[in-house]
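Peer 1: Residue strings, one per chain:
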Amino acid sequence: SQTIHQWPATLVQPVGSPLSLECTVEGTSNPNLYWYRQAAGRGLQLLFYSVGIGQISSEVPQNLSASRPQDRQFILSSKKLLLSDSGFYLCALMEVRTQYFGPGTRLLVL
Amino acid sequence: GIQVEQSPPDLILQEGANSTLRCNFSDSVNNLQWFHQNPWGQLINLFYIPSGTKQNGRLSATTVATERYSLLYISSSQTTDSGVYFCAVANSGNEKLTFGTGTRLTIIP
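As given, the protein sequences belong to chains A and B, one line each in that order.
With positions in the first sequence counted from 1, the corresponding number in the working numbering is that position plus 58.
With positions in the second sequence counted from 1, the corresponding number in the working numbering is that position plus 1412.
Only chain B is shown next, with the shape it has when bound in the complex:
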């Protein structure tokens, strides 16, 4: 099956800093999503982005499908951005996502 690698595994930043999270995948995809899991476990969908660029407030994402990677940018980090960020992909029509192991982001006040 498709492999998904995320980097870095852990990231600790001061409040106000910017960050870039990376997701590499081993095969072509027709579905790619970014999620944020807060410290209480709730998973929130951030972006559906199989290709191109999207922005939502301080967050933006870019997927370069031909080179098999996606980037999540977080600007002006806030403590509420802390948690684990997951990238998930699918490359078939049955809509079963394969998740990466995540990046744990800690924002220090």
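This is chain A alone, in the form it adopts within the complex:
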């Protein structure tokens, strides 16, 4: 079965600093991968979606970007964080039409 790893688990960053969140998956190949953000403890917002290496679909205009340098690696980045970037970031994959989530990264921008 598939496993999704995310790190770091928590992160406190100053406004204007860069960001890099990493997601890696095991136990599957060529998965569809997703980045979601959850604010205020409810509601998931899809940020990015990838069907393969180098293929990224951006769902919401923002100062974030995503990359997929390897089949099982998905990276979320920012050059300059905003206060509004605070939230819970979740990486997910879809397998046999079922979505599975990683443990998430809690980001606090101060």
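Quick caveat, the hints were computed from the structure, so don't treat them as lab data.
As the structure is a prediction and not an experimental result, all values here were calculated from the model.
Heads up, some of the hints might be wrong.
Distance condition first, Cα-Cα at most 20 Å in a straight line; then the derived EDC-like pairs of lysine to aspartate or glutamate [claimed, not checked]:
(1) B:1466 <-> A:117
(2) B:1508 <-> A:117
(3) B:1508 <-> A:129
(4) A:137 <-> A:117
(5) B:1508 <-> A:153
(6) B:1466 <-> B:1422
(7) B:1508 <-> B:1439
(8) A:138 <-> A:84
Chain A is fixed; fit chain B onto it per the hints.
Peer 2: For chain B alone, coordinates are given in the frame of chain A:
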């Protein structure tokens, strides 16, 4: 895009009670899933159920696709059932889910 509404937004029950959570969606779907997010944030997939009925232990779900709603039933609630329950749907082939705003369930011992 497709709209997803969940009700009730909050539910507080005594341990041992039964509950029904509802998910309404605005268009036909080819993917519908229920998730449970525990108090630590972990999201667990409960059911993939674009139509029909499924059961897994104390949990069951029914989707009536023609009437655009799905129900999640929890019987004999336990404190570990507390958390937020999300319904998510998709109606295209690209497998991008739209999530509802969730139902926050609190089970009191």
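Peer 1: Against each hint, give a clear statement of whether it holds in the structure.
Peer 2: Cross-check of the supplied hints:
1. B:1466 <-> A:117: violated (32 Å)
2. B:1508 <-> A:117: holds (10 Å)
3. B:1508 <-> A:129: Answer holds: residue 1508 of chain B to residue 129 of chain A is near 19 Å, not above 20 Å.
4. A:137 <-> A:117: Measuring from Cα to Cα gives roughly 18 Å; hence the hint holds.
5. B:1508 <-> A:153: It holds: about 12 Å lies between the C-alpha atoms, which stays within 20 Å.
6. B:1466 <-> B:1422: Outside the cut-off at roughly 24 Å; violated.
7. B:1508 <-> B:1439: holds (15 Å)
8. A:138 <-> A:84: Since the Cα atoms of residue 138 of chain A and residue 84 of chain A sit roughly 30 Å apart, the hinted pair is violated (cutoff 20 Å).
Violated hints, listed in ascending order, are 1, 6 and 8; each of the other numbered hints is respected by the structure.
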